[in-house]
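Q: Sequences are here, hints too, so could you generate the full structure?
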Amino acid sequence: MKFSILILEGPYHHEAGDSAYRFVEAALRKGHEIRGIFFYHDGVYNVTKLMEPPSDDRNIAKRWSEIGAKGIDIVVCIAAAKRRGITPEIIVPNTRISGLGQLLEMAVDSDRLVTFGD
Amino acid sequence: MSDEEKVSKIMFVNRRAPHGSIYAYEGLEVKLIMGAFDQDLSAIFMDDAVLALKKGQDTSELGVKEFSATFRVLEDYGIEKIYVVEESLKERGLSVDELVIQPEVIPISKVAELMEQQDVLLSF
Chain A
1 MKFSILILEG PYHHEAGDSA YRFVEAALRK GHEIRGIFFY HDGVYNVTKL
51 MEPPSDDRNI AKRWSEIGAK GIDIVVCIAA AKRRGITPEI IVPNTRISGL
101 GQLLEMAVDS DRLVTFGD
Chain B
1 MSDEEKVSKI MFVNRRAPHG SIYAYEGLEV KLIMGAFDQD LSAIFMDDAV
51 LALKKGQDTS ELGVKEFSAT FRVLEDYGIE KIYVVEESLK ERGLSVDELV
101 IQPEVIPISK VAELMEQQDV LLSF
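Chains as they are written, first to last, in the numbering used here: chain A, 1 to 118; chain B, 1 to 124.
It is worth saying that the hints were derived from the structure and are not from the lab.
All of these numbers come straight from a predicted model, not from anything done at the bench.
There may be inaccurate statements among the hints.
Said to hold, decoys possible - Which residues of chain A face chain B? A few of them, derived with a C-beta cut under 10 Å, are:
no., residue
1, 6
2, 42
3, 79
4, 83
5, 85
6, 87
7, 89
8, 107
9, 109
10, 117
Cβ atoms here follow ideal geometry from the backbone N, Cα and C, with glycine treated the same way.
A: Right, here's the structure in full:
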């Protein structure tokens, strides 16, 4: 099945991003396709490379960058990002900033759009 | 898009109060942007989201933007089908006359059927 993923909550603060990450990993392991991953609301904070968690904790942005390195399109909403000070200079490699049209394309081009948020 | 001809049925599901968090406001921004694309768009307001449509809001003391008037342009943005859940209005002592727009009032029992008809649900 072809999935797209929408993540709406901030990192560490909320489990939405962690659940999404596990979902993506499991889906790929089972041979499904991830068409794209889109970050909106406070979800845009998930890919800032300025995060520096304690060394015994997971680095959420780095994890997404590794998923992006597999060729999966990871998009941060430009409007939500601008509002929160997330710029192209501070996002991790293999992610990009673009518009909500990308979310629409992912959604209509997938069998399922799965939203992770409250 | 892989198939330029394909029109998807997309429903915006609104469940949150208008203020106190940014979900409702950024959810409105999604509607305005996606309205520019040629898809079959609809919106439903239920639970506390019905409060977002209430006439006569004044957010000046909250220090946040008052955006209820923007819901009036949704139709011009291609979101022609707008629904509000009857029970959600009633629970909050509201009638459809007190709203900034005149959506179709539907009972909660019809919501699942309506959602079932969609290709995509976007919940804010």
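Q: A separate judgement is required for each hint: does it hold in the structure or not?
A: These are the hints, each one checked on the structure:
The beta carbon of residue 6 of chain A comes within 8 Å of a beta carbon in chain B, closer than 10 Å, and the hint placing it at the interface holds. Below 10 Å, beta-carbon pairs count as interface contacts, and residue 42 of chain A has one with chain B at about 8 Å; its hint therefore holds. Nearest Cβ of chain B to the Cβ of residue 79 of chain A: about 6 Å, under the 10 Å cut. The hint holds. Look at residue 83 of chain A: its Cβ gets to within about 8 Å of chain B, closer than 10 Å, so that hint holds up.
Contact between residue 85 of chain A and chain B, as hinted, is not supported at the beta carbon level, the nearest pair being about 15 Å apart and thus beyond 10 Å. At a threshold of 10 Å, the smallest CB-CB gap from residue 87 of chain A to chain B is about 18 Å, leaving the interface hint violated. With 10 Å as the threshold, the beta carbon of residue 89 of chain A stays out of range of chain B, its nearest partner Cβ sitting at about 23 Å, so the hint is violated. Because the beta carbon of residue 107 of chain A sits about 4 Å from the nearest beta carbon in chain B, less than 10 Å, this interface hint is met.
Annotation: interface hint on residue 109 of chain A holds; nearest CB of chain B at approximately 5 Å, less than 10 Å. Taking 10 Å as the C-beta contact cut-off toward chain B, the hint placing residue 117 of chain A at the interface holds, the least distance being around 8 Å.
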